[in-house]
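For the sequence shown, the numbering used here assigns the number 1 to the initial residue and increments by one for each residue that follows.
Treat the hints with care, since some could be wrong.
What follows is a list of derived Cβ distance ranges for each label pair [said to hold, decoys possible]:
1. Glu-34 x Arg-57: 13 to 23 Å
2. Ser-97 x Tyr-120: 16 to 26 Å
3. Gly-68 x Glu-34: 29 to 39 Å
4. Ser-55 x Trp-85: 10 to 20 Å
5. Asn-69 x Glu-34: 27 to 37 Å
6. Leu-102 x Arg-57: 12 to 22 Å
7. Ser-116 x Gly-67: 16 to 26 Å
8. Tyr-82 x Gly-56: 18 to 28 Å
If you're looking for bench data, these hints aren't it; they were derived computationally from the structure. Idealized CB from N, CA, C, for every residue including glycine.
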Amino acid sequence: MKTGKLRNLSTALAGTMLSLASVLTASGSAGAAESTTYYGTYQKADGCPYLVTSSGRHYYLPGYTVGGNGGLYKSGGGFIAYPGWRIQANGTAYTSSGGTTLCTSWGTYYRIRATSIYSY
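Let's have the full structure, built from the sequences with the hints guiding it.
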């Protein structure tokens with residue numbers, strides 16, 4: 001008899017924990033974008049850094065700079081790539097209509113909030 005009561009209690013608790021987990025998962029991920037890896041080549045236009053995908057989409061890379069030699073640099077000064085080099089950006093793509101007006105050739109509407117960028 002004790003085994004049956006424990007099994008029922010265990011099943012009831014498992015159902016409660018499953019419900020709680022689904023609530024936490026739903027509320028924890030609401031509005032949060034998933035981090036993805038983006039591949040393309042580094043290009044610059046109007047002094048602004050871009051990742052250009054194989055389909056031709058230009059993603060502006062805020063937080064990264066173009067050096068005097070045309071290279072892509074981290075904000076702290078670490079070199080990443082020269083124009084035409086293949087790069088991968090790990091982060092989240094988003095759109096923004098605001099921002100700099102210097103990047104007029106390709107604009108800054110499509111952006112990647114990159115946590116890291118590597119050349120390969």
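Each hint tested on the structure:
1. Glu-34 x Arg-57: 13 to 23 Å: holds, 18 Å
2. Ser-97 x Tyr-120: 16 to 26 Å: violated, 32 Å
3. Gly-68 x Glu-34: 29 to 39 Å: holds, 36 Å
4. Ser-55 x Trp-85: 10 to 20 Å: Because 18 Å falls inside the window, the suggested range holds.
5. Asn-69 x Glu-34: 27 to 37 Å: Holds: the Cβ-Cβ distance is about 35 Å, inside 27 to 37 Å.
6. Leu-102 x Arg-57: 12 to 22 Å: holds, 20 Å
7. Ser-116 x Gly-67: 16 to 26 Å: Roughly 18 Å apart at Cβ, these two residues keep to the hinted range, so it holds.
8. Tyr-82 x Gly-56: 18 to 28 Å: Taking Cβ atoms as reference, Tyr-82 and Gly-56 lie about 20 Å apart, which means the hint holds.
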